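Trainee: Please arrange chain B on chain A, whose structure you already have, making use of the hints.
Chains as they are written, first to last, in our numbering: chain A, 59 to 313; chain B, 28 to 262.
Source of the hints: derived by calculation from the structure; they are not laboratory data.
Pulled a few chain B residues facing chain A out of the computed Cβ check, cut under 8 Å: (1) MET77; (2) VAL78; (3) LEU79; (4) TRP96; (5) ARG99; (6) TYR104; (7) TYR111; (8) PRO112; (9) ASP126; (10) MET127; (11) ARG128.
All values derive from a computational prediction rather than experimental measurement.
Glycine included, each C-beta is placed from N, C-alpha and C at the ideal position.
Residues per chain are reported as follows:
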Amino acid sequence: MNKILKYVIVDIVRNKIVLIYTFLLLLISLSVFNLESSATKGLLSLLNIILILIPLICIIFSTIYIYNSAEFIELLVSQPLKRKSIWISLFGGLTSSLCLAFFVGAGIPILIYHADLTGIMMIATGLSLTIVFVSIAMLAAGMTRDKAKGIGLSIFLWLFFSLIFDALVLFFLFQFQDYPLERVMVFLSFLNPIDLSRIQILLQMDISALMGYTGAIFREFFGNGFGIMFSFVGLLLWAVISLLFSLRRFNKQDL
Amino acid sequence: MITVTNLTKRFSKLIALNNISLSFPKGECVALLGPNGCGKTTLIKSILGMVLPDSGEIEFNNQSISGKWLYRNQIGYMPQIGRYPENMTISNVFDMMKDMRKDNKGVLDEELIEQFGLNKLMNKRMHTLSGGTRQKVSAALAFLFNPDVLILDEPTAGLDPVSSESLKDKIIKEKRNGKLILITSHVLSELDDLVTEVFYIEEGKLAFHKKLIDLKTETGELKLSKAVAKIMLAQ
Numbered sequence: 059m060n061k062i063l064k065y066v067i068v069d070i071v072r073n074k075i076v077l078i079y080t081f082l083l084l085l086i087s088l089s090v091f092n093l094e095s096s097a098t099k100g101l102l103s104l105l106n107i108i109l110i111l112i113p114l115i116c117i118i119f120s121t122i123y124i125y126n127s128a129e130f131i132e133l134l135v136s137q138p139l140k141r142k143s144i145w146i147s148l149f150g151g152l153t154s155s156l157c158l159a160f161f162v163g164a165g166i167p168i169l170i171y172h173a174d175l176t177g178i179m180m181i182a183t184g185l186s187l188t189i190v191f192v193s194i195a196m197l198a199a200g201m202t203r204d205k206a207k208g209i210g211l212s213i214f215l216w217l218f219f220s221l222i223f224d225a226l227v228l229f230f231l232f233q234f235q236d237y238p239l240e241r242v243m244v245f246l247s248f249l250n251p252i253d254l255s256r257i258q259i260l261l262q263m264d265i266s267a268l269m270g271y272t273g274a275i276f277r278e279f280f281g282n283g284f285g286i287m288f289s290f291v292g293l294l295l296w297a298v299i300s301l302l303f304s305l306r307r308f309n310k311q312d313l
Numbered sequence: 028m029i030t031v032t033n034l035t036k037r038f039s040k041l042i043a044l045n046n047i048s049l050s051f052p053k054g055e056c057v058a059l060l061g062p063n064g065c066g067k068t069t070l071i072k073s074i075l076g077m078v079l080p081d082s083g084e085i086e087f088n089n090q091s092i093s094g095k096w097l098y099r100n101q102i103g104y105m106p107q108i109g110r111y112p113e114n115m116t117i118s119n120v121f122d123m124m125k126d127m128r129k130d131n132k133g134v135l136d137e138e139l140i141e142q143f144g145l146n147k148l149m150n151k152r153m154h155t156l157s158g159g160t161r162q163k164v165s166a167a168l169a170f171l172f173n174p175d176v177l178i179l180d181e182p183t184a185g186l187d188p189v190s191s192e193s194l195k196d197k198i199i200k201e202k203r204n205g206k207l208i209l210i211t212s213h214v215l216s217e218l219d220d221l222v223t224e225v226f227y228i229e230e231g232k233l234a235f236h237k238k239l240i241d242l243k244t245e246t247g248e249l250k251l252s253k254a255v256a257k258i259m260l261a262q
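One chain only, chain A, in its complex shape (with noise of 0.2 Å):
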């Protein structure tokens, strides 16, 4: 498993695409920590950017690797390897990579800039980020073997997490105003990881006075330890329960 997983780094290594996205994040962040007044400022337009970056990347980066890994795939599938071997060790290759990727090109300068526990727990969100938009990509390029449908339909998700979820929970929201919510939309934000990782950074600024009544709400729920803990195996069941859909239906793939 450990041959599989050298061989994909490698091969991911050589291509260049992953040294372009940490050159773009480095560029980003520093820019972002230079131009504003303060750090704070500059963490808080960060964390806009890269809750749109890094799913965006993640997950068509991982997509087109797989497809293009079709080759790689069916060699190593008619040699004495397990299945399930290969398809960890290629989950394997591209969450370090993408995980380094993000650490040397936002992480280094978080803590250059920022380096207080909202500075690391903007890491440790990106880094789970980053793992959860991999196994989701490792998900929709199993659905179809048509390279096309499958890059459409990551794309779609990622569409769906960033826009189009939080369009339909304002939209319910406006529905069902006359009722209380706040606690209905701890729940709703477990089914989006992008709005989990939000709402765990912006609670850690303190600026959840700006969301009203909800923002109270999610400071009891994420605000102390315990909440924290429960964001992170939130995402923790994304990562683990789409690779596990994943990883069946590459165990029952005809190749």
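Mentor: Only chain B this time, still in chain A's reference frame:
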């Protein structure tokens, strides 16, 4: 050595294998024949675990292969169309395969690499190779680990006459070493001096199975292609 019982595989509406049962004993050189799309490759891929059958059982050395992978240590597979990671060089591919099958003790068999002259091409990337050179890489990889079973899917398609001959010599040599060799081919004339048994598959079913000698004496033909044609017309 390999036993297939009541194997069925459907691809949506198409029935690729229809309740087929056969067995390949050790030390034979078996030809799998049949028209295009009759399920030969599906059968081979099922044995390799690349295609998962809907029902039926495949046994390798009297052990069911479902969910297993270690048995593939004893198989060398040469696919019909070799597909390799495009930006790897030939030597990368060989090194990777050696690395992955390292637990496979025993000597590496690099005879074909030499005979095909692949040594001079080691630094070429896979996407620059011609179809024939890819076939050579596939063949060399299949024989590299000295496996007990060789599964060759259209081995000589796309090879030049010289390489084709050296591959055939190699197959005969390995047959003498008591290995099971499974060959599918359309070019029947090539199989004449290789095979000992003939399995003819049609529409996912076994049409007939005979030893080559029996087949020739029954039909009174000296050439495999003529003998097969005669039997198919008689049926």
